[in-house]
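There are 2 protein chains.
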Amino acid sequence: MRRLQQEAEAFIHQMYREKGKPEAAGGRIREIAKEIQATGTYTHTYEELSYGAKLAWRNSNKCIGRLFWENLHVIDARHIHSAEKAAEAAREHLRFAAGDGKIRPTVTVFPQRNLDGEDPLFFHNHQLIRYAGYETGRGDPHSLETTHLAESLGWKGRGGDFDLLPLLIQEGEDIHMFPLDQKQDVQEIDIVHPEEEKFKELGLKWYTVPAISDMEMNIGGITYGAAPFNGWYMGTEIAARNFADSFRYDRLKETAEILDMNTSKISTLWKDRALVELNRAVLYSFQEAGAGIVDHHTASEQFRLFCGKENQLGRKVTGDWTWLIPPVSPASVHIFHEAYDNTVNTPNFFYRNNTSE
Amino acid sequence: MRRLQQEAEAFIHQMYREKGKPEAAGGRIREIAKEIQATGTYTHTYEELSYGAKLAWRNSNKCIGRLFWENLHVIDARHIHSAEKAAEAAREHLRFAAGDGKIRPTVTVFPQRNLDGEDPLFFHNHQLIRYAGYETGRGDPHSLETTHLAESLGWKGRGGDFDLLPLLIQEGEDIHMFPLDQKQDVQEIDIVHPEEEKFKELGLKWYTVPAISDMEMNIGGITYGAAPFNGWYMGTEIAARNFADSFRYDRLKETAEILDMNTSKISTLWKDRALVELNRAVLYSFQEAGAGIVDHHTASEQFRLFCGKENQLGRKVTGDWTWLIPPVSPASVHIFHEAYDNTVNTPNFFYRNNTSE
Ligand code: HEM
Ligand code: HEM
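As you go down the protein sequences, you meet chains A and B in turn.
Position 204 of the first sequence, counting from 1, maps to 205 under the numbering used here, and the rest follow consecutively.
Position 305 of the second sequence, counting from 1, maps to 306 under the numbering used here, and the rest follow consecutively.
Check before you lean on any hint, since a few could be wrong.
Claimed, not checked - Partner residues are not named here, just some residues of chain B that face chain A (Cβ under 7 Å, in silico):
{"hint": "1", "residue": "G173"}
{"hint": "2", "residue": "H177"}
{"hint": "3", "residue": "M178"}
{"hint": "4", "residue": "L181"}
{"hint": "5", "residue": "Q183"}
{"hint": "6", "residue": "K184"}
{"hint": "7", "residue": "Q185"}
{"hint": "8", "residue": "L284"}
{"hint": "9", "residue": "D296"}
{"hint": "10", "residue": "P328"}
{"hint": "11", "residue": "P331"}
The hints are simulated quantities; they were obtained by calculation from the structure and are not laboratory data.
Glycine included, each C-beta is placed from N, C-alpha and C at the ideal position.
I would like the entire structure built from these sequences, with the hints used as guidance.
Take a look at the structure:
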């Protein structure tokens, strides 16, 4: 309780200081102290929740997209206590975030962790939208466990490469399952290449809204175990990791072959060439479809602006170099040549310890 | 002196243990103790120097090439005390290391640092072979300072992109300058592309033997301030850094243009495409010329073997992830997906604190 009070105070002070009204902190801190004394915990005002979530993003050391931290849409879903309503809110989140292509960075915040350390609700999904993975090798191997869980609850996938997993929401002792509506909740982009017609035979597609749902958000000592958040994609996440990693869709070889590259020996750099073409195709396909996406060069420049702005305000940017560098041509962006302090400040997002994946 | 004795003991124990004759360590340690007592320092036997240098390589956390640590050629140049002889030895090192294309990993060890903390001899060159850099923008910007130093000693470069710097060797108070013989001491490879004839108009070339000469080698408490060492190149070092970095030769734009890429916007990934083509060209040109070079995929596999071998021998590999990942398609090699312990063990190589660059 002493700890909670301290963390609350630090957050409230920071918020009012940054909002230019430091004198207002005292009153609110006393209010929180009373509430903690009476109930063992406290409740954020919407203003606190909203600003806290933005700070949690701003403090996300691994995130290259933080220039836009002030534009986060914070949806308050703390009144929701059933898995069914949570599924509705999650689907609304997806539709709102998708905009009409102009993706909106959004977080939906469900009830806070209770005094027993339990989350009234939480998601077993890694992301709200994710493709199933099967023992056959089809689909996304990263989803194997979640797919098993869904199957154990009666879900039947079509055994394909891009089967949408249902939402898997824990409410108390039970896990509830809700399908996404592929038309209404999910926008998917067929991946084609700007020049190579044959590329489309790879049959690749991906969804537009990456909404991480298995992290918890910590604000002023309060933990939100269900707070799915999304930005828009950086192209490399799809093309250089999801499609390329040998333990994911593993499509470098096929890509090289369909593009007639010489794969007879590795030193022809067919892997590197295929990787770049995959990345070009993803960026091109999203852009043609009017779906929000950013390339890693532009994202790096935006991150440079973010650092500049923060420094100008006298704030030190923290960062995790190993995640901030893009997995394609990392030395071509300035981040590679900088050093970052990886101190983890709160508010922030953390991995949930009891997630299914 | 206590510290020196301890470091000597640790090294001697390790060496004899690894060589399978731990019982021999005791005698040698007593000998060293006497020598330190009498003179304040001690002298390595050739066996110690040789094994110590190999360990220094094996412990180089940033080096992906360590599979071959046992094959290091260790040239004892501790008897050399004049800059002139040192220049001769350095040039011999280059010729020996170049082999006939089959590059030999080699270190030449000059006299150890004395009791006053001074190196009898040391190199002001970053590498034994390096191109000058000029205020005009021509040449290698990384060499600006060394070029200035050479010029202050009367050297006149031709103002080109690939002018070989002279050796700059400190002997006592003086810096002595010795030209390399471009024909005899240096092998250079013109960079051409496996398919694109026009590529050669970029006019790029590079040397085959990277011999770092501004690090010191520490073995059992003894420091060798001049111990230039070389391996063969990994292609990315030349193509993705020397040619591509904006603060080096900065040739991505020209490469993209000569290959008719669409450079109208960054999201066409022309930088990434140009980078890969530069890398292909470097690997291809070296291979065609029969000059030793390794691509980053093969080097990563060799590093995997190294780690496997070390683990099998019960030794923990230390490594610096941020340097081990290649600057091209890093996520396509296993290193990216591993974690490494960056503890710095000795023997090892360290940056000299009083280097000119
Ligand atoms: C607006 C566009 C955004 C872009 C382009 C972006 C980009 C990225 C990228 C490329 C990564 C690394 C992902 C990986 O390598 O797996 C990342 C990580 C992360 N981002 Fe962002 N991001 C955006 C929005 C957001 C938002 C809205 C939040 C939270 C409110 C956020 C929080 C995070 C966190 C917590 C991580 C680390 C995830 C983990 O540890 O797995 N980002 N971001
Ligand atoms: C045999 C072939 C070799 C290959 C392919 C190789 C590869 C590499 C690469 C790619 C780097 C990173 C360079 C950079 O990013 O600037 C590196 C660093 C390093 N290597 Fe190796 N290496 C080889 C041989 C050697 C040898 C013979 C030694 C010493 C005896 C050595 C010691 C080091 C050290 C000390 C570094 C770090 C240099 C620094 O901090 O600037 N390597 N190596």
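How the hints compare with the structure:
Because the closest C-beta pair between G173/B and chain A is about 37 Å apart, greater than 7 Å, the hint is violated. For the restraint placing H177/B at the interface with chain A, the shortest Cβ-Cβ distance is roughly 34 Å, beyond the 7 Å limit, so the hint is violated. Given hint, M178/B at the interface with chain A, is violated; its Cβ is 32 Å from that chain's nearest Cβ, farther than 7 Å. Evaluation of the L181/B hint against chain A yields a violated restraint, the C-beta minimum of about 28 Å exceeding 7 Å.
This hint is violated: Q183/B has a C-beta 28 Å from the nearest C-beta of chain A, more than the 7 Å allowed. The restraint placing K184/B at the interface with chain A is violated, with a minimum CB-CB distance near 29 Å, outside the 7 Å limit. Checking Q185/B against chain A: minimum C-beta separation of about 29 Å lies over 7 Å; hint violated. Of the supplied interface hints, the one on L284/B holds, with its beta-carbon coming within about 5 Å of a beta-carbon of chain A, less than 7 Å.
Annotation: D296/B was flagged as interfacial toward chain A, and the flag holds, the nearest CB pair being 4 Å apart, inside 7 Å. A distance limit of 7 Å between C-beta atoms decides the matter here; for P328/B the minimum to chain A is near 4 Å, and the interface restraint holds. Given the 7 Å rule on beta carbons, the hint for P331/B holds: about 6 Å separates it from the nearest Cβ of chain A.
Comparing the model with each earlier hint shows violations of hints 1, 2, 3, 4, 5, 6 and 7; every other hint is respected.
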